[in-house]
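K.L.:
So you can see what is in the structure, the chains are spelled out below.
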Amino acid sequence: MKKEFNVIADLLPNNTRVLDVGCGDGSLMNLLKEEKNIEVRGLELNQDNVQQCIHKGLPVIQGNAETELHQFPNQSFDYVILSQTLQAFYKPEEVLRNLLRIGKSVIVSIPNFGFWKVRIKLLIFGEMPVTKTLPNTWYNTPNLHMCTIKDLFKFCEEKNINIKKVIGVNENSTSIIKKRNLEIKNLFSKLGIFLIG
Amino acid sequence: MPSLAGLFFWMNIKLDNIKKLDVAKPLKLDCGKTIKDFPLAYETYGKLNNNKDNAILVFHALTGDQFVTGTNPITNKEGWWVTAVGPGKAIDTNKYFVICANVIGGCMGSLGPKNINPDTKKPYGLDFPVITIKDMVRAQESLLEHLGIKKLLCATGGSMGGMQLLQFCATFPDKAFSAIPIACSSSHSAQNIALNELARQAIMADPIWDNGKYVTKNVQPKNGLAVARMVGHISYLSEKGMQEKFGRKLQEKANYEFSFNADFQVESYLRHQGYAFVERFDANSILYITRAMDYFDLSKQFKGGMIEAFKKQNTKFLVISFSSDWLYTTKENKDIVIALNASGADVSYSEIITDKGHDSFLLNEPEFLKTLKGFIDSMYEKFKNEKRI
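So the protein sequences, as listed, match chains P and R.
In this text, residue positions in the first sequence follow this note's numbering: the first is 33, and each later residue adds one.
In this text, residue positions in the second sequence follow this note's numbering: the first is 3, and each later residue adds one.
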């Protein structure tokens, strides 16, 4: 969702240092660099994506976030971004801890498994949901640890991770999520963006 | 076939006709000795533009030389990096000005152990001072001065070339806008020292070598040198690559000969590579250059190690490794990335997936060449913009 990148960009102050974990083809990095003069770095597993970043002149390190975050020193970035990949890790908690170690703040976005269409698919049709934000079927999905906005919210509370801001994102709208509107936003947001740390 | 002595005589005549810079400035070597008024042979490709912002310096590997592409005028063979450098290639000589110098200690025209020692009026042999990677790099700085280049668009090199490059960036932090170390290491591993020692011992075990004094007799310890080269060639391939290329195939025969001739294709390949090499390379040079590689340990040069070595960097790095390279492994290359990251440098890294081993950087590996091209072209745009501002 292009909207997601704009929301993330709005969360970031100009002239900061940002690590984009799972940076894909570098679209977000390019946006941040061009519009906010942000000093970007990317980490990406896929060779084609790495090449595309290099062609765009974006600094990218080929590697697996699950095993290779140790190479980044403590608090070496103002922000670390993890866009829609938390659910694909074997040990999401460990990855998250590492991100919080590397960045002064962390932005994590997740496809919301609590979105109403997803719930209906499972509740009414009894099938694993396939939607725009969750395009894979059960047997080929890279997602091992699907969660809802509410799940991640509770997780941060239980693990004493400071939540600075949570934003619910749909194609044409965004909304601030607080504890008081968590139930309803968890039902109507396709994507959740968490600013933590 | 001409005799080896004749061949060397002919090579030496040709070596008089190549580009050479006479480096007048004394260079104090790491070993404590000083060299001065020494030749540094080099070659250039393409044209330096008026802004002088399109220069790329290439550092060559152990057995390489300054003849990167086109035809090597001494050996009449193709340049060693013809896959990557040339008109329309990844490092496009229509666009960029490519420079490469023969390392000191080498044998393609730069000062080396077969040159005449001014004190004795005889070839140096083992009287040649032991040199280091740092010495090689410092000698080459004079060339940039001579060519009037203040800042290179890019510097690159694979294997020992990559080691020279890391040293270059650490010693001269503001001389390169970007740098591409390929399949190298910031310090030579025990395994690599062991392989180099094997090569040296092979040369020294050849009676013709005679403590390096063969140079005065116009002969070459070719058996020892050929074995040294064979060791190298084994280490440049991967186990899988070698199996696929040769397997157990026999060399132009249907059955074993029940002899010690080259029955297997892989044997024939090694013998060919080994004995072809003795026609173009000086055995003492192998001793000196492999020694320089073994002594290389960037972290030892700086208090605080590698991170300190790269602290003053504004250079933008792209580190490239090859998945099946067991000589300079992905892990060793990643350690460079980690150090660069820790020192806050601008660094990219790509691991090219291939079965072709360490040799990959010299071969037509499309993914590698694409990455190289993408990086250099994007750096050129940045460098031009930066200069304009």
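Keep in mind that a hint or two might mislead.
[To be verified] In the DSSO-like style, the derived pairs of lysine-lysine whose C-alpha atoms are separated by at most 30 Å in a straight line are:
1) Lys88/P x Lys49/R
2) Lys136/R x Lys88/P
3) Lys34/P x Lys372/R
To be clear, the hints were calculated from the coordinates, so they are not data collected in a lab.
Everything numeric in this text was worked out from a predicted model, so none of it was measured.
K.L.:
Below or equal to 30 Å on CA atoms is what counts here, so check Lys136/R against Lys88/P.
P.N.:
Between Lys136/R and Lys88/P the Cα gap is close to 33 Å, so the pair fails against 30 Å, i.e. violated.
K.L.:
Measure nothing beyond the straight line between the CA atoms of Lys34/P and Lys372/R; if it is 30 Å or shorter, mark the hint as holding.
P.N.:
Measuring from Cα to Cα gives roughly 28 Å; hence the hint holds.
K.L.:
Going straight from one Cα to the other, do Lys88/P and Lys49/R come out at no more than 30 Å?
P.N.:
This hinted pair holds, its Cα atoms lying about 25 Å apart.
Of the hints listed earlier, the one the structure fails to meet is number 2.
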